[in-house]
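For the record, the sequence lines run as chains A and R.
Note that numbering that gives the first Met the number 0 gives residue 198 to position 199 of the first sequence, counting from 1, and the numbers run on in steps of one.
Note that numbering that gives the first Met the number 0 gives residue 75 to position 76 of the second sequence, counting from 1, and the numbers run on in steps of one.
No lab work stands behind these hints, which were simulated from the structure alone.
Bear in mind that the values here come from a model prediction, so they are computed numbers and not experimental data.
No residue lacks a Cβ here, since even glycine has one placed at the ideal position from N, Cα and C.
Be aware that a few hints might be false.
[As the list claims (entries may be wrong)] Derived, one-sided and incomplete: chain R residues facing chain A with beta-carbon distance under 10 Å: (1) Leu25; (2) Asn62; (3) Val108; (4) Lys140.
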Amino acid sequence: MLEGLVSQESLSLNSMDMSVLERLKWVQQQQQQLQQVVYQSSNNSHELLQILQFHGSNNDDLLQSSFSPFQMLGSGFGPNYNIGFGPPHEAMDECISRTSSCHMEPVDTIEVLLKTGEENRAIALKNKRNPEVKTRGEEKTEKKIKVEAETESSMKGKSNMRNTEASSDTSKETSKKASEIQKLDYIHVRARRGQATDRHSLAERARREKISKKMKYLQDIVPGCNKVTGKAGMLDEIINYVQCLQRQVEFLSMKLAVLNPELELAVEDVSVKQAYFTNVVASKQSIMVDVPLFPLDQQGSLDLSAINPNQTTSIEAPSASWETQSQSLYNTSSLGFQY
Amino acid sequence: MASADKLINTDVPEKDVFALHFLRSLSNLRTQNPLNSPDKSIDRVRKIKKAAYVSMARAAGGNSRLWSRALLRRAAKDDNKSVRFSRRKRKVTWKISSKRRRSNQRAPVVEEAAERLRNLVPGGGGMETSKLMEETAHYIKCLSMQVKVMQCLVDGLSQK
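Using the sequences and the hints, build the whole thing.
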């Protein structure tokens, strides 16, 4: 039975000479046929999926035409099935969607594919070309929203809005169901029970998740954030940390201002330092070899005398007027940066 | 710090880069004010602090970050230098601030804290909350790097 369907499909779909009307009629025929098939063979859904996926991979027309019976199929299946369609190409501005009923009811049903990943990106598809697909009784309420194309879809979604609002009641009633997973490229979010599925709240939810993801990242950076839970506490900690760092900078600059006269004595040091650092940038390896690594927070006294000869040899510096002060200063400051 | 999150790129250059920029700016300061040093200590502190921030912004990536751009612009404005930024930033700011007005209604807890953060992080006024978080992360990393550099310098100087 299925093979017959397949061949019929392939024949008709592959002939691109069909006019649109003929194709629509064909689609309706297919739906009627599939309705019979659906209840008979829920086990063979696997094959159907493969078939339709194969079809869908050919081109967009095939996709569109094959999608509608597919949607029908998906909605008609038992609790374990939710089928959507995911073409691999990215430029899917036309959303395939909630299969809408005939012109009478503007209610759309959203067919969504669920991926049981932890990702929370979603894609909303709307089928523009086939409004004739009949709705089914039990509709799953999962929605895909493309986060990147949020603004686009929000514009296109305006037309969807009234449709979606109408079905939001039904969506609130349905519960979560398990679904089979197809291997698709994108990730979907499932609307939870009791939550609205209109566009704005979903977009907002996506935005909030983005923000919380970034806050988690911040939590790793800021030390001591793990103990506090909740967004408010964490944000307070982060703000506190930033203020601390800024205060530290100010404090250290004050210290440097105090110590400044010592720096000012060694004016020739400037060119030396620059020479040193250009060397560092150019050939890090050679200098690292000469100078031993020091820990970041060096508390102990530096053994300058041992290191001085190394330093001077590795750098071509103006040797004129190498005062001991400037030399040691130079060494300490340079040594401090190798950790 | 390995960032496990591939979406946000908050890589910060090595310590040497920061050190180089900071020392260069310090030496510039010194050449500007010769040894007679007519300044009072407060002015010197302020100049050093400003030099620290500017060098940090340059080391952290010049124009590639919003906060560094805003910082450099602020510093240039203080000195009445000409700001060499493209006009594009202005238009973007306008659009973002209007977007922010609408998004300010969402999650008032977060937004209130974000407001405080905006005052702290340079250039935060024109950013959305999610972008603000990214910038804060990078800013924190750079600040801590700069603090380390300055600490090492001070230690080196004070030990001698």
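Quiz prompt | Hints the structure fails to honour | solution = 2
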